[in-house]
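Given the sequences, and given the hints that come with them, work out the whole structure.
Each residue of the sequence shown is one higher than the one before, starting from 1 at the first, in our numbering.
Worth flagging that the hints you see were computed from the coordinates, not collected in a lab.
Any given hint could be a false lead.
To be verified - Listed next, with one range per pair, are the computed distances between beta-carbon atoms: (1) I213 <-> R289: 17 to 23 Å; (2) T72 <-> I261: 44 to 50 Å; (3) F92 <-> E239: 29 to 35 Å; (4) R114 <-> E259: 16 to 22 Å.
Unchecked claim - Below, a list of computed lysine to any residue pairs in the SDA-like style, where the Cα atoms sit at most 20 Å apart: (5) K220 <-> K295; (6) K73 <-> K118; (7) K205 <-> F315; (8) K267 <-> N209; (9) K6 <-> P170; (10) K290 <-> G238; (11) K165 <-> S234; (12) K265 <-> W310; (13) K205 <-> E264; (14) K265 <-> K165; (15) K133 <-> S155; (16) K49 <-> G238.
No residue lacks a Cβ here, since even glycine has one placed at the ideal position from N, Cα and C.
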Amino acid sequence: MALRGKNVLVTGGCGFYGGHLVERLVNLGCNVFVTDLLIHPKSYFLQQKLDEKVVFEYCDIGNFDHINSVITKNEIDLVFHLAAVTTVDAAFHNPRQTVISNVVGTTNVLESCRLYGKVEGVLFTSTDKAYGKLPRVSEKNPISGDHPYEVSKSSADLIARSYFKTYNLPVVVTRFGNVYGEGDLNFNRLIPGIMESVVKNKELKIRSNGKYIRDYVYVKDVVDATLTLANNISKVQGEAFNVSSLENLSVIDVVKRVENILGEKIKYRILSTAVNEIPTQSVNFNKIRKAFGWKPNHNFKTSMGDILTWYREYFDLH
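This is the structure:
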């Protein structure tokens, strides 16, 4: 699919990943429409002046009539559905809202696309956490979340693919490893927390025991993978693809690696307060690699300098 000139909707487009995706879509010449509930005043989205280059609509995807109106009146060709409750901790404390946002909201987006009848593709952002607590996962594994966040994403993942199987809606599901990069303002996440610690000489509080192992994938690589799938929507509709990296590290290993790359000492304290977290997970992304030759082009060593520069500017320290 040639994206230039398409009417493209990004739900949750003012967030961390959304900002980077919107930036690329604008640069590709798409007519970009963005929905969200909140725009952080120091977000990547506003920093890049993307608000001046897109049509923004305040929209709660839990409201069917609202999201349906956005899709139909703007004659949307392609939907990137990112809007969701995105953290394990938030889902733990508010499971009801998590289900409304992640399950009902996703259904509302899909149903709006089905009823409109002219959408050429829906890229649904799922997560590796939808696999549950399996230590090594590929697309061949069943999804099997067992706590509020994971279950909500597993459910939405199944619903998205059901819309292809039942209604032939051209849906593709992406499941990412832990995404990091410029613009992530959730300082409970590891990389933003590390950056705050370095810039402000502040103690990093590690919620887990420091031994949890994850894949870490750079946000611009995630955007590249998503656009690769969007460009090939006719070949991959109805399928799910993992997007990850080969940097499979424990929390403490990440801290030590970033210390070495940046030449900075990071003070940290282990809290061991995390609940419902997956102890170990490694995400196989051979499917997208074999299908399209996609692989991550960035890693901690190549990206951390730029990321630190961004956070220094964020905290107004140069």
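Comparing the hints with the structure gives:
1. I213 <-> R289: 17 to 23 Å: Taking Cβ atoms as reference, I213 and R289 lie about 21 Å apart, which means the hint holds.
2. T72 <-> I261: 44 to 50 Å: holds, 48 Å
3. F92 <-> E239: 29 to 35 Å: holds, 30 Å
4. R114 <-> E259: 16 to 22 Å: Since the Cβ atoms of R114 and E259 sit about 50 Å apart, the hinted range of 16 to 22 Å is violated.
5. K220 <-> K295: With a Cα-Cα distance of about 12 Å, the restraint between K220 and K295 holds, given a limit of 20 Å.
6. K73 <-> K118: holds, 12 Å
7. K205 <-> F315: Judged against 20 Å, a Cα distance of about 18 Å means the pair holds.
8. K267 <-> N209: Holds, at roughly 15 Å.
9. K6 <-> P170: Distance ~16 Å between K6 and P170 Cα, so the pair holds.
10. K290 <-> G238: Satisfied, since the Cα-Cα distance of roughly 18 Å is no more than 20 Å.
11. K165 <-> S234: It holds: about 14 Å lies between the C-alpha atoms, which stays within 20 Å.
12. K265 <-> W310: holds, 19 Å
13. K205 <-> E264: holds, 17 Å
14. K265 <-> K165: violated, 52 Å
15. K133 <-> S155: Cα-Cα ~16 Å, so holds.
16. K49 <-> G238: violated, 34 Å
In the structure shown, a violation is registered for the earlier hints numbered 4, 14 and 16, in ascending order.
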